[in-house]
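Please arrange chain Z on chain X, whose structure you already have, making use of the hints.
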Amino acid sequence: MKRGALVLLLALVLSASTYCIYFWCATRTAEAMLSKPEGDYEWLRREFVLNDVEFAKITQLHEEYRPRCDAMCRRIAEANAKANALVASGHEVTPEIQAALNECAAAQQDCRRQMLQHVYAVSALMSPAHGDRYLKMMTSRIVEPGLPHDSVVSQGPR
Amino acid sequence: MDDELKKQFSKWNPDVSIPPRFQAEVWQRIAAREAAGRNSLWRRVQEWILTELPKPQYATALIALGLTLSIGVAHVQAQQTNREHWRQLEARYVSSINPVAQAAALE
Numbered sequence: 001m002k003r004g005a006l007v008l009l010l011a012l013v014l015s016a017s018t019y020c021i022y023f024w025c026a027t028r029t030a031e032a033m034l035s036k037p038e039g040d041y042e043w044l045r046r047e048f049v050l051n052d053v054e055f056a057k058i059t060q061l062h063e064e065y066r067p068r069c070d071a072m073c074r075r076i077a078e079a080n081a082k083a084n085a086l087v088a089s090g091h092e093v094t095p096e097i098q099a100a101l102n103e104c105a106a107a108q109q110d111c112r113r114q115m116l117q118h119v120y121a122v123s124a125l126m127s128p129a130h131g132d133r134y135l136k137m138m139t140s141r142i143v144e145p146g147l148p149h150d151s152v153v154s155q156g157p158r
Numbered sequence: 001m002d003d004e005l006k007k008q009f010s011k012w013n014p015d016v017s018i019p020p021r022f023q024a025e026v027w028q029r030i031a032a033r034e035a036a037g038r039n040s041l042w043r044r045v046q047e048w049i050l051t052e053l054p055k056p057q058y059a060t061a062l063i064a065l066g067l068t069l070s071i072g073v074a075h076v077q078a079q080q081t082n083r084e085h086w087r088q089l090e091a092r093y094v095s096s097i098n099p100v101a102q103a104a105a106l107e
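Protein sequence lines, in the order shown, are assigned to chains X and Z.
Under the numbering used here, read the first sequence as residues 1 to 158, first letter to last.
Under the numbering used here, read the second sequence as residues 1 to 107, first letter to last.
No lab work stands behind these hints: they were computed from the structure.
For each residue, glycine too, the CB sits at the ideal point set by N, CA and C.
Take the hints with a grain of salt, since some may be wrong.
Only some residues are given here: those of chain Z computed to face chain X with a beta carbon under 10 Å [unchecked claim]:
no., residue
1, Gln46
2, Gln79
3, Ala91
Every beta carbon over 10 Å from chain Z, so not counted as near; a handful from chain X, in silico [to be verified]:
no., residue
4, Ala85
5, Val87
6, His130
Bound-form chain X, shown alone (with noise of 0.2 Å):
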């Protein structure tokens, strides 16, 4: 009995800690990509095969628009705080919440075009067959997000 419960011990204990060794080497690239604050760039890297220069390239690029990006935040979230006080405190539709809502869609309209600015420039950087991808991607992400989600589906971690 002895013998083959130790076995059968064995067998148990190889096959946990394969279990084990396999899944950490299996994810422990996207789990460090995921607890890295750049994860997201080598996202893009390894989503899009981006060679060293085409990545210098876009990384720079993201880095000049980051600044802009965090200036149409506050914009929008200065106008939308503004247009929600007034909303909050009128009981109907004056000139002045008027003019916020149309602050609102403008900054979302400026944004959106920025934005979409950006996604064509980093596109434009790409291997034409990943940078239609990434747009695609990208477009039905951000610029028509109404668009099901899984209509250009990433390629998976490799």
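Just chain Z now, with coordinates in the frame of chain X:
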């Protein structure tokens, strides 16, 4: 009440005849139940672990099966986990270039 009941029982003399070979049949049934217990699946597995599993060919086969299964399950689960991580990274990237989403997150 108990005394009354005892009296009644002492008077009661049922006329029951025990069938022939009654005791032998009872023992046969007990033996059959024990034999069935020995042949149950769990008992057979236990016996197999006792007698056959220590043999190298069975031990090797069991370990190989365990390893194959654990790698298979780990592979499938790792793929699912990676897909989920990939979606999160994609969402993070999209959000990083999307001021509308960032503003919505601030509110």
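Okay, the hints, checked on the actual structure:
1. Gln46: With a closest approach of 8 Å, the Z:Gln46 hint holds.
2. Gln79: holds (8 Å)
3. Ala91: Hint holds; Z:Ala91 Cβ to chain X Cβ min 8 Å, cut 10 Å.
4. Ala85: For X:Ala85, whose nearest Cβ neighbour in chain Z is about 12 Å away, the distance exceeds 10 Å, so it holds.
5. Val87: holds (14 Å)
6. His130: holds (14 Å)
Every hint from the earlier list agrees with this structure, and none is contradicted.
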